[in-house]
Amino acid sequence: MSGFLARRLGQSLVLLVLVSMVGFAILHLAPGGPMSQFASGSDMTQEDLDRIAEQLGLNRPLPVQYAEWFWRMLQGDWGRSYRDGEAVLNVIGSHLGATLQLMLTATLLAIIIGVVIGTLGAIRRHSIFDTLATVGAMIALSIPTFWFGLVAIYVFSVWLDWLPSGNRFTPGDGSPLDLLRHLILPAMVLALVETAIWSRFMRSSMLDVVNQDYIRTARAKGVPEARILLRHAFRNAALPMITVLGLQLPTLLGGALVTETVFTWPGMGRLFLDSISYRDYPVVMGILMFSATLVLLGSLLADLLHAVADPRIRLG
Amino acid sequence: MVDFRIDRRAVLGLGAAAALAPCTGQAQPRPPERPRGQVIVGLSQEPTVFNPLMPGIEVDQGVWWNLFSPLWYTDPEGNLVPDLAREVPTLDNGGISTDGLTWTVKLRQGATWHDGTPFTAEDVKFTLELINNPSFRARSRIGHQLVRDIRVTAPDEITWRMEAAYAPYLSILSLTFMVPRHLLSGVDPNTATFNSAPVGTGPFRWGARQPGDNITLTASPAYHGNGPFLERVVFKYIPDLTVLYTQFRTGQVDHTSIQGISPPFVREARTLRGRVIHVNPSASIEHIAPNLEFGPLADKAVRQALYMAVNKRALIDAIYYGLPAPTESFLPRQSWAFNADLPAHKHDPAAANALLDQAGWRRGAGGVREKNGVKLEFTNSTTTGNPVREQAQQLLMQDWRGIGATMRVQNMPAAVIWGEFWQQSRFQSVMVGVNFTLGADPDVTPRFHSSAIGAKGGRGQNNYQFVNAEVDGLLVQGATQFNQAQRRATYQRIQALVREELAILPLFQSAAVEGVKEGLNGYRPNQNTSSNCWNIREWFWTA
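In order, the protein sequences belong to chains D and Y.
Reminder that position 83 of the first sequence reads as 83 in the working numbering, one-by-one numbering, no gaps.
Each number in the working numbering comes from the position in the second sequence (counting from 1) with 316 added on.
To spell it out: a stretch of chain D is covered by chain Y in this simulated footprint if at least three of its residues, at any positions, have a beta carbon under 8 Å from a beta carbon of chain Y; those stretches are:
| hint | stretch |
| --- | --- |
| 1 | 50-58 |
| 2 | 85-96 |
Under 10 Å between C-beta atoms, here's a sample of chain D residues computed to sit facing chain Y:
| hint | residue |
| --- | --- |
| 3 | R80 |
| 4 | I153 |
| 5 | N167 |
| 6 | F263 |
| 7 | T264 |
| 8 | S277 |
Since the hints were derived computationally from the structure, they do not count as laboratory data.
Don't be surprised by glycine CBs; every beta carbon is placed ideally from N, CA and C.
Bound conformation, chain Y alone:
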């Protein structure tokens, strides 16, 4: 007798193959019916935080995407796609009330935690309450702190009230992973066993961790979504980027993630047989962060002159091998709110000199300009041991010396620079790459609102100490708008104002170069997820 039963995984697999296959006319590889093989992901930083609500960096987030699930996620095209939710709440489907204050989320039925416990609305309620628990070391409370009166209306439905309408919350929730109430309630969530043996609803289960070396995840047979098609994922920590590239070259690593392949190796990497190199625009904007309350940098004319004096093209070509794209905005070019009409940077040292003369900055002893006894001198800091940035600093120093400005390098270890020095605006200027977006949302309230200056007791990371009443108003307005066209106009104006004021000196939108072994299918870079390991559930090897 012929068995006509259809295997769920096979159906999902076909769906995945269809979705992943570009229309080339050739037979596209199909994912296997059962998880097969393993993938070794090389990382230059070690993932050490496994509670997805606690402070973690990109490499941690790469692991979280495979262990846990959000209610919905943002795909590479910027669309919100339901995951643990049945649908993404909107004004149209009634999930968000017309005043933006009441949210109702319908949850997927049948999803389970890796230990077999059913996932319910109680877990969502617990997650949101845990984030707002002041004694818990939550990674971020932005948006969550507005949530009030959470009610579980059914095992698969939850509703809450927002203290104020806040459109970016959709995007914030796309990066908020749900945690299990049954394992975290009644224990100290900062030190719970869960934090070193996490249990999620994601495509892979926690396998083993060898500290300082690797983390192994294994396929979850009960995963509610598409995939996984691999038996195992190994996140391998390789601290040295040269060694990471060598191991990719010799085939010991299947994928180089996050910091991936350093610019000096890219040309050679492209010639390697059996390796595919991807240059992915990242959401990180490399810029000079001026402390706007520090001496000469408080003067807008100085910032404009410094910006004009930068030979951006030479910097990108000589130091970064031409990989990143110059930008004028704090948003990535791919963002729906990106403003393409900002004034283009022009390398013009003569105009920079004229501007400084006009602003009263006169050349003094040694050719360094001065005004009212203040010298045009400042330090620039970045993380020590970053040779690419250190070279870029040398070029900047040279460019700025030409207009009578002296920049001194004052680099520091990460443990020094990104602490109070950065958070409390104790720097003069910093060279840094920042992803300003909240997921895919262009809201930059935590970065540019005057209430977000940590040094002045604010909540946020406006470490530049940028204060602009119009930007403040627009940020408030943008956060309460749910119509994308209206929001686009708001954020484009904000970009124009930040560019006009040069609150940051934008250099370029970074490009992450990542490598994948030939035959590994499903890799889809996604700048909305902070890690391109976000969809390993869809990856599979060509049979």
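One chain only, chain D, in its complex shape:
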């Protein structure tokens, strides 16, 4: 196990360095740059702009800029945002809470509802319920999230006036009830799409399992159906879900750009979009490294959980 861990961590570090190199190069070679934000909000001359570029180190050769950024990052200094001068880690930290709150709620809802629908669909294959669930999942997957979001806002905020149309809380309030009211719509919209994904995965996984010999044997031995389902079928069908969950980790913290924009939710997705628009290199690189680390950690975690849940797998 320890050998496996060391090998995977080593591979991950190499991958992270490669990702940082490619990301840094693409970002800096893209047209435009952060100087336009200084130019557009000022009467600066080219001389002034050149001086700022010098102060920020933007006029040095790209490999030198990369080496300096990488060395500082290793020391825990991820740089400062060009937009507001805040430390990159603080900027990421200040958006992480909002994203976690939204994504965890949506994912938990999606897993619970999706697993139940998927399981029921598999054990009642071709029933009306299964057909409706399949059609519903296809619709949820086909229609863009922003459309769902706008319809939800129109129905629940504009028309019925039941829920706020966006934001994380009401300024000056922020009570748990207020937070909950603001969370319902975006979490519901995000969960809708995710539920469709989870239900499809669960259904096909469950279908694989319920046709296995050991399930048939259990039935032949007279084991009650509920026990077969919960003890034998569900546990085995849930194994592939661990991989899916592991791969969902970066999505969980990376944010949902569209939903965050439609519902004015100040999370990581919007931060990423804003930072790209302003060519805020330090923040974009910070988010990139953060996301890449999560992808690698998620995949590692999935492997480890798989081994724990399935005694047939031995890591080494």
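Place chain Y on chain D using the hints.
Positioned in the frame of chain D, the structure of chain Y alone reads:
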């Protein structure tokens, strides 16, 4: 025993109520005796710069107006009103010497920074010196770079010498916010803690910021002026204009500022109950910016023909719902120097075709005109993701195709277009809205003087590369005149010359549509301040 003491805030409040109340004969709402309630201002761009001397856009400036104070400001009618100064220096009161070179400013006594430190002339001296510090990322040094020999003659009086007489400096100072010496001296002003936790002398104090979401300011009890009457101001960042309008409609936002309400929503917004919609003429002039050194656009006849071929009325009505007003000038109609006698644009494609024929531009293959091997083709760029401008480009393309000119759309993200592409005149033509004035001053030296061409090493934003000796002379003359009547004549002539040469192809004076919730009093649009959040100190809710 009856207490006859009069509360300062109550007196000021009455003054504000009287000033704000139009003579309708009805009882006007009065501001509360103590700050009460909050207002949520919706913005489609996020304020991120809190040092008011650093490069910032309109939304940043909206926050600055509430945290900081200038020496004086320009009110909606264009008058300079003292703020941290006791009076606005003029030739008449001796604040400006007769040669325009020596300025003396008497400061208000008793004003304090939000941390309780008294505001003094040393802060003014520090502010002016900081702006001129070459290692500081100052937003603008226009005018300030002429300041020499700053002397504090008393804690409430400061004097300096100007290297050359410069009348627009009064207006520039109306947009220059004072910063505290005790917090910024001895530290790197580019990265000081102050920049993320600002301390000012304005009506509101820094409260909290949730990056990417909102900024909260709270009422300053020690504010030296009128108000504030609100406990809290929340600047809420809502990046999508449709979502911003929806939140205004559902009541989550009390005021939509800057980009406000998009033209397609205006008709519906006017029918909303409990909402008041204001269509405010802005100082921004929407125009086609030609690069005057680029091929066909260098030819004046081409520019005249292109201008004649534009169906301006159709563009304004079809794309902008008739909200903005067509214009021929780079100055807003409300400016004291506006020239109303400029030749009016006439949509006349036949005359445009004739003019091009006369100028030797012959139709070639595909109907595109050519002259000496140069095709009448050019690109037009604007910020990507601006659907209104993108539609306007389609109409222009169609209008110009009719006279044998080909325009190709080459839009770019803001981070690309407004950098070197714009600053160094690498464009062929751009569709842009620009506020040409310096505060309320009509001086356009940074925009049209030949020494202001960045691509030629100049200081300024004459990105059109406009060169005209008479305009250069008039700009120098106008900047040194302190008599408004004389200045008006100078700037009216400049407008005539710019219109004659078509250094820009003016389309219209923009209109900003902003919404305010009913019951919120004190909102006074002011095109001289770049943000209508300039006077939130006077806002209050009807009890």
